[in-house]
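Visitor: Below are the chains, spelled out letter by letter.
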Amino acid sequence: MSADPEETTSTPRWAYAAAIAVVVLAVVFIVMHLAGEGAVGH
Amino acid sequence: MTPRLQRRVFLVLVLLTLGLAAFFGAIVAQPGLIGGAASDPSGGHIGEHFRDPEHRVHDLGFGLLIGTTVIGALAQVRAPAINVAGQLMAATPILALMLAALVTDRRVLSIPWVAIGAPTLVATLLHPDLFRSVGATRPSRRMIALVAIAAVPLLAFAAGNIALQRSGSSHHADLGHYGYMAALDLTVIGVGLVSSLRLAGWRLTRLVTGSLAALFGIVSLVFPDVEGSLGTAWALAAIAWGAGFVTVAEIVGREDAARSS
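So the protein lines, in turn, are chains A and B.
Here the first sequence stands for residues 1 to 42, where the numbers follow the numbering used here.
Here the second sequence stands for residues 43 to 303, where the numbers follow the numbering used here.
Next comes chain A alone, as it looks inside the complex (with noise of 0.2 angstroms):
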């Protein structure tokens, strides 16, 4: 039995690992930056 469409997303698993990646490497950058680890200028 296929499943309902209105019921699954179209997005692959891949892209939910990819956005948890990127939240986490943000919040490492955003850590460090504001422990003076992070960019010189800004």
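Note that these hints are calculated values from the structure, not bench results.
Mixed in with the good hints, there may be bad ones.
Calculated from the model, a selection of chain B residues having no Cβ within reach of chain A, i.e. all distances over 12 angstroms [as the list claims (entries may be wrong)]:
no., residue
1, L57
2, P95
3, G159
4, A160
5, P161
6, A165
7, L167
8, R184
9, V194
10, P195
11, S209
12, L263
13, R296
Here are some of the chain A residues that sit facing chain B, going by a computed Cβ distance under 7 angstroms [stated by the list, open to error]:
no., residue
14, T9
15, S10
16, T11
17, A19
18, V22
19, A26
20, F29
21, H33
22, A35
Which residues of chain A face chain B? A few of them, derived with a C-beta cut under 10 angstroms, are [unchecked claim]:
no., residue
23, T8
24, W14
25, Y16
26, A18
27, I20
28, V23
29, V27
30, I30
31, G36
Just so we're clear, the structure is a prediction, and the values are computed from it rather than from any experiment.
Yeah, the Cβ is synthetic: ideal placement off N, Cα and C, and Gly gets one too.
Given chain A's structure and the hints, the job is docking chain B onto it.
Guide: Just chain B now, kept in the frame of chain A:
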């Protein structure tokens, strides 16, 4: 994740993007707000943005980058399904900034674009209609040809800015400004290519592509002697290309409409 939940998460991410853009915009407009909180009423370096003539072209260039992301995000608030191209457009400056940071140095990384960029990229990956639309791309050869023509000088400018950022020890390089300008060059190419795919909502992206090039040209004409200016000849070429791109894209769009009616 169910489609309904995904749409809600997507909307929250878009609103977060817009909220952060407004927050950083307010800080630039009123640097004393954050400066006061940080015991520096002047706002430090933030107070130089759009006020120090030396950085005017770079500041406006950065504004064009974030402005492109904001316009793409705003389009999602109304109707994501008919603005798939707008979401790709929103992600393009962030990807260009990431690329610029990767090939240069960490001075290009800064909290404003990373903070705005993260929800933008996540929203793009979770766009409710993006992956369904991938098969519906209809690349326009004429538009791709125009982007290819512009890509030659833009890539040369980007290479020059990357070299300045990598080797530079100037104030501009310390602030990552050459990296931002390289990202702007790449963004014009990227948004032009996104437009050329003619995904849902490509009318907005073609207008932004032409406007980006034209505004970069106008800024260069208004501040010809400021670091980052394209110079008079290339500024005029950028304005002409922007007008030409919008015109050709409009013709392609009308042909589309005539064919489907």
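Visitor: All the hints need checking, so say for each whether the structure fits it.
Guide: Quick rundown of the hints versus the structure:
no.	hint	in the structure
1	L57	16 angstroms, holds
2	P95	18 angstroms, holds
3	G159	7 angstroms, violated
4	A160	4 angstroms, violated
5	P161	9 angstroms, violated
6	A165	9 angstroms, violated
7	L167	4 angstroms, violated
8	R184	30 angstroms, holds
9	V194	31 angstroms, holds
10	P195	27 angstroms, holds
11	S209	15 angstroms, holds
12	L263	27 angstroms, holds
13	R296	30 angstroms, holds
14	T9	5 angstroms, holds
15	S10	4 angstroms, holds
16	T11	6 angstroms, holds
17	A19	4 angstroms, holds
18	V22	5 angstroms, holds
19	A26	4 angstroms, holds
20	F29	5 angstroms, holds
21	H33	6 angstroms, holds
22	A35	12 angstroms, violated
23	T8	7 angstroms, holds
24	W14	9 angstroms, holds
25	Y16	7 angstroms, holds
26	A18	5 angstroms, holds
27	I20	9 angstroms, holds
28	V23	6 angstroms, holds
29	V27	8 angstroms, holds
30	I30	6 angstroms, holds
31	G36	13 angstroms, violated
Consistency note: the structure conflicts with the earlier hints numbered 3, 4, 5, 6, 7, 22 and 31.
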